[in-house]
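**Q** In the order they appear, the protein sequences are chains A and B.
Residue 479 in full-length UniProt numbering sits at position 479 of the first sequence; the count goes up by one each step and never skips.
Residue 237 in full-length UniProt numbering sits at position 237 of the second sequence; the count goes up by one each step and never skips.
Any given hint might turn out to be false.
Said to hold, decoys possible - Computed list of lysine-lysine pairs in DSS-like fashion (alpha-carbon distance at most 30 Å, straight line):
hint : chain 1 : residue 1 : chain 2 : residue 2
1    : A       : K462      : B       : K275
2    : A       : K564      : B       : K40
3    : B       : K144      : A       : K125
4    : A       : K216      : A       : K301
5    : A       : K69       : A       : K110
6    : A       : K331      : B       : K144
7    : B       : K40       : A       : K386
8    : A       : K296      : A       : K307
9    : A       : K389      : A       : K171
10   : A       : K350      : A       : K223
11   : A       : K371      : A       : K389
12   : A       : K245      : B       : K144
13   : A       : K190      : B       : K275
14   : A       : K296      : A       : K69
15   : A       : K528      : B       : K40
16   : B       : K144      : A       : K322
17   : A       : K371      : A       : K451
18   : A       : K237      : A       : K223
19   : A       : K528      : B       : K275
20   : A       : K237      : B       : K275
21   : A       : K556      : B       : K144
22   : A       : K190      : A       : K69
23   : B       : K275      : A       : K307
24   : A       : K531      : B       : K275
25   : A       : K63       : A       : K564
26   : A       : K171      : A       : K237
27   : A       : K190      : A       : K215
28   : A       : K296      : A       : K285
29   : B       : K40       : A       : K125
Said to hold, decoys possible - What the simulated footprint calls covered on chain B by chain A, stretch by stretch (three residues with Cβ under 8 Å from a Cβ of chain A suffice, anywhere in the stretch; the number is not a length):
hint : stretch
30   : 127-133
31   : 148-154
32   : 236-246
33   : 255-265
Just so you know, the hints here were simulated from the structure itself, not pulled from any lab data.
Each residue gets a CB set at the ideal place from its N, CA and C atoms; glycine is no exception.
Now for the letters of each chain:
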Amino acid sequence: MKRNQRIALVCGILACALAATGCSDSGKNAASTEPSGKASGSSAASGTASGTASASASAPTEKGDPFGKYDPPIELHVARAVDQTWTYPKGDSIDNNVWYREYENLLGIKIVHDWTALTSEYNRKLNVSIASGSLPELFSVSASQLKQLADAGQLEDLTGVYEQYASDHTKELQHGDGGAALASATFNGKLLAIPVVNAPIYEPNLLWIRTDWLKKLNLSEPKTLDDVLKIAEAFTKQDPDGNGKPDTYGLAVNNYLYGPITSITGLSNAFHAYPQTWVKDASGKVVYGSTQPEMKQTLAKLQEMYKAGELDREFGVKDGTKVAEDIAANKFGMAFGANWNPYVFLDAVKKNPGMDWMPFPVPSVDGTPTKANVGFSASGYVVVRKGAKHPEAAIKMLNLHEEVVHGSRRNEGQFITVEENGERINTSPMSLVQSGVSDQGVLESLTLLRKAIENEDESLLKDALTETDKYGPTVDYLKTGNIENWAVAHQYFGFVTTMDNYTGDRLLMTAFGGQTPTMTDKWATLDKLEKETFTKIIMGAASVDEFDTFVADWNKLGGEAILKEINDWLSAQK
Amino acid sequence: MKTAKWMRELPLHLLLLPGLVLVLVYSYVPMLGVVIAFQKFTIFSGWFGSPWIGLDNFRFVLDMPNTGQVIWNTLFIACMKIIAGLFVPIVIALLLNEVTRSFIKRGVQTLIYLPHFLSWVILGGILIDLLSPSEGIVNAMLGKLGIEPIFFLADNRWFPAVLILSDVWKEFGFSTIVYLAAITSVNPTLYEAAVMDGAGRWKQTRHITLPGMMPIIVLMVTLSLGNVLNAGFDQVFNLANPLVYESGDILDTMIYRIAFNDAQYGVATAVGLFKSVVSFLLISVSYWLAYRLANYRIF
Numbered sequence: 001m002k003r004n005q006r007i008a009l010v011c012g013i014l015a016c017a018l019a020a021t022g023c024s025d026s027g028k029n030a031a032s033t034e035p036s037g038k039a040s041g042s043s044a045a046s047g048t049a050s051g052t053a054s055a056s057a058s059a060p061t062e063k064g065d066p067f068g069k070y071d072p073p074i075e076l077h078v079a080r081a082v083d084q085t086w087t088y089p090k091g092d093s094i095d096n097n098v099w100y101r102e103y104e105n106l107l108g109i110k111i112v113h114d115w116t117a118l119t120s121e122y123n124r125k126l127n128v129s130i131a132s133g134s135l136p137e138l139f140s141v142s143a144s145q146l147k148q149l150a151d152a153g154q155l156e157d158l159t160g161v162y163e164q165y166a167s168d169h170t171k172e173l174q175h176g177d178g179g180a181a182l183a184s185a186t187f188n189g190k191l192l193a194i195p196v197v198n199a200p201i202y203e204p205n206l207l208w209i210r211t212d213w214l215k216k217l218n219l220s221e222p223k224t225l226d227d228v229l230k231i232a233e234a235f236t237k238q239d240p241d242g243n244g245k246p247d248t249y250g251l252a253v254n255n256y257l258y259g260p261i262t263s264i265t266g267l268s269n270a271f272h273a274y275p276q277t278w279v280k281d282a283s284g285k286v287v288y289g290s291t292q293p294e295m296k297q298t299l300a301k302l303q304e305m306y307k308a309g310e311l312d313r314e315f316g317v318k319d320g321t322k323v324a325e326d327i328a329a330n331k332f333g334m335a336f337g338a339n340w341n342p343y344v345f346l347d348a349v350k351k352n353p354g355m356d357w358m359p360f361p362v363p364s365v366d367g368t369p370t371k372a373n374v375g376f377s378a379s380g381y382v383v384v385r386k387g388a389k390h391p392e393a394a395i396k397m398l399n400l401h402e403e404v405v406h407g408s409r410r411n412e413g414q415f416i417t418v419e420e421n422g423e424r425i426n427t428s429p430m431s432l433v434q435s436g437v438s439d440q441g442v443l444e445s446l447t448l449l450r451k452a453i454e455n456e457d458e459s460l461l462k463d464a465l466t467e468t469d470k471y472g473p474t475v476d477y478l479k480t481g482n483i484e485n486w487a488v489a490h491q492y493f494g495f496v497t498t499m500d501n502y503t504g505d506r507l508l509m510t511a512f513g514g515q516t517p518t519m520t521d522k523w524a525t526l527d528k529l530e531k532e533t534f535t536k537i538i539m540g541a542a543s544v545d546e547f548d549t550f551v552a553d554w555n556k557l558g559g560e561a562i563l564k565e566i567n568d569w570l571s572a573q574k
Numbered sequence: 001m002k003t004a005k006w007m008r009e010l011p012l013h014l015l016l017l018p019g020l021v022l023v024l025v026y027s028y029v030p031m032l033g034v035v036i037a038f039q040k041f042t043i044f045s046g047w048f049g050s051p052w053i054g055l056d057n058f059r060f061v062l063d064m065p066n067t068g069q070v071i072w073n074t075l076f077i078a079c080m081k082i083i084a085g086l087f088v089p090i091v092i093a094l095l096l097n098e099v100t101r102s103f104i105k106r107g108v109q110t111l112i113y114l115p116h117f118l119s120w121v122i123l124g125g126i127l128i129d130l131l132s133p134s135e136g137i138v139n140a141m142l143g144k145l146g147i148e149p150i151f152f153l154a155d156n157r158w159f160p161a162v163l164i165l166s167d168v169w170k171e172f173g174f175s176t177i178v179y180l181a182a183i184t185s186v187n188p189t190l191y192e193a194a195v196m197d198g199a200g201r202w203k204q205t206r207h208i209t210l211p212g213m214m215p216i217i218v219l220m221v222t223l224s225l226g227n228v229l230n231a232g233f234d235q236v237f238n239l240a241n242p243l244v245y246e247s248g249d250i251l252d253t254m255i256y257r258i259a260f261n262d263a264q265y266g267v268a269t270a271v272g273l274f275k276s277v278v279s280f281l282l283i284s285v286s287y288w289l290a291y292r293l294a295n296y297r298i299f
């Protein structure tokens, strides 16, 4: 026995030594020669841990250089989505831009596009690429694609390289949401993707009201839900546009029902309903927001408003674009939507001098403050194909992003918006591995922004991680009323409303951000059922009691199974 | 002698080769893909790795709550399109045939042919505006007649009619040209003889023009039978909304949802295969009928 152990020990040491020498021989730069595989990574570490054979299982990994440069440079094959609306500074292109040059100069990573596709086509093309078995080394995926790829064992385990290479700054920012995003990218204890951490605090549906109409009709700003409903009625009946025709509506809604613009989510929140969101009920179990009794009250109210002519009779066939056209045609005085809705209204505001929209918090039906339901803190994932040579390159690129966008090297004029001939060109989408600022960071930055604007002192912004670009335009708008800065300034007003009303427990994050097997099978059917039933109820084509049938059908057609899977998944994670 | 003939014809047969290869590569090889209708297909395992599950995908589809409705919608919309798409162009062709001024005739032909070149994406937007109950020109005209505005695109009773009529509007110009061509091939001496016998325009139409067109009409009908399960994906996809799923959802839009929203390629292929098998039967029947009734043969 003893003899065997000793042989094992010797063998272990020899193996480690071999692995270690192999590694240090394979490249010239020490920082970039960190072993990439799990096995060699731990054995190299155990080589330093005085050769105890058992150490190979859970040895702490060595710290790598977060910005170590590959020498000679490596090629990284990627696939990415591009958008038609992107513009580039002169001489730049998707293949050669400020980010890619920085990857190459600082990190020694040369980006090679396997393919690019328009944002709308990206998913389809990626599915084809997955099907043909020719995955690029690095690409972004949705939560459901991540789950599929993870189940199929197609992804490189990033646990080790993340631990080793992620800078402290990166880790801090990525954990700013309490770790929910990273947990959602972890399968069986393995980190298989880099989550794009985002701040759900950007999402609450605010109540946007045309204040010029309020003034015209001598109405005061809404304090209660009743005020809101009265305003909707007045906007419909009292001819706020003064053209003598009954052609205005109180509330704008589009046929998708939910989402960040002209949505019914805000009104639902007023009734404490949280549609399309996985919420925890009193017993701690996850339930589906759209099937809760509060939703029925919301639909009943919407039906009432529809009957009273306060909604566009034709909303059922109009999508967001068409509703935006109608807003520009002076038809709507109120809409629920996110803080960035002013950019949607801007066209209308330019066409209609005097039009102004202001954001308000959504008052609730019973006086207890509303909560706003928001999505998950990971909005997407970047993955590395299994067997890719340099999985740590992804982490280094993330470090770079966090440093130049939200960190010490923050240089707005270079990596975020390039000014050229007086035009501001947004270059941040070119960054391949991105991650945003979490709620905490955003709130801190917004507080600084608010202080800076109130005191007109830009220097207060130096510690802000994000949103610093709102300072100049907002201050200018407040002074001069320049219409070009109308949208930015009004987004800032939206921020203020959010900061004052939707922080802490008033922000209701969905309890689950992934995809379960039954969801994959049934979601198209369930989603169709929901939209169909709700639209019919609102338009009066079905009675409000149809909601109960919907709930029963929803559960029967797979909803129950999905909830069970989610609850099982969540309890297994604990 | 025989060999010589064979040798002479060989180059002509070789001309077929590129076409044959293209058909093989792009039409027959992809057909092997239907095997995934019988698999629990995951794109990572591919054809060879995915487990066989027999007819489970078909059962899954039949268990889905709306399948019956969807099949009915598909059949109903497609059949009505075939019927309406047959009569309208015949009538228009007969009427145009009576127009003697050739510039009017050609002008009308060109105008009705135009919508054929517009995509349903564009026509969808135009139709939403035209049929709007509050501002659309159609409802404005109905209003003048004292009829309450109708919400054509959101009413399950009207939506199929909108689909059928707008499809006819888009395509009848094309078929009209076919029928006009058929009319010109009628022997003019027959008309001269009819005039001698004292037949008027209507009698001429009934007893000469229509029978003369009959083979083409029968041919067009029988050929369109093969399309009976194609109710028109582009059109429905661009016009449908949650309010009219009940009357407007067709097999193709269902396949689209299953395949591209849920990435369930096995199930989508199963529906597609089912559709193809039925279509194949219908095409076989229609070719047989075309042969019997109109003496039309492909080979």
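**Q** Determine which of the earlier numbered hints do not hold for this structure and return their numbers in increasing order.
**A** 1, 3, 11, 13, 14, 20, 21, 23, 25, 26 and 27
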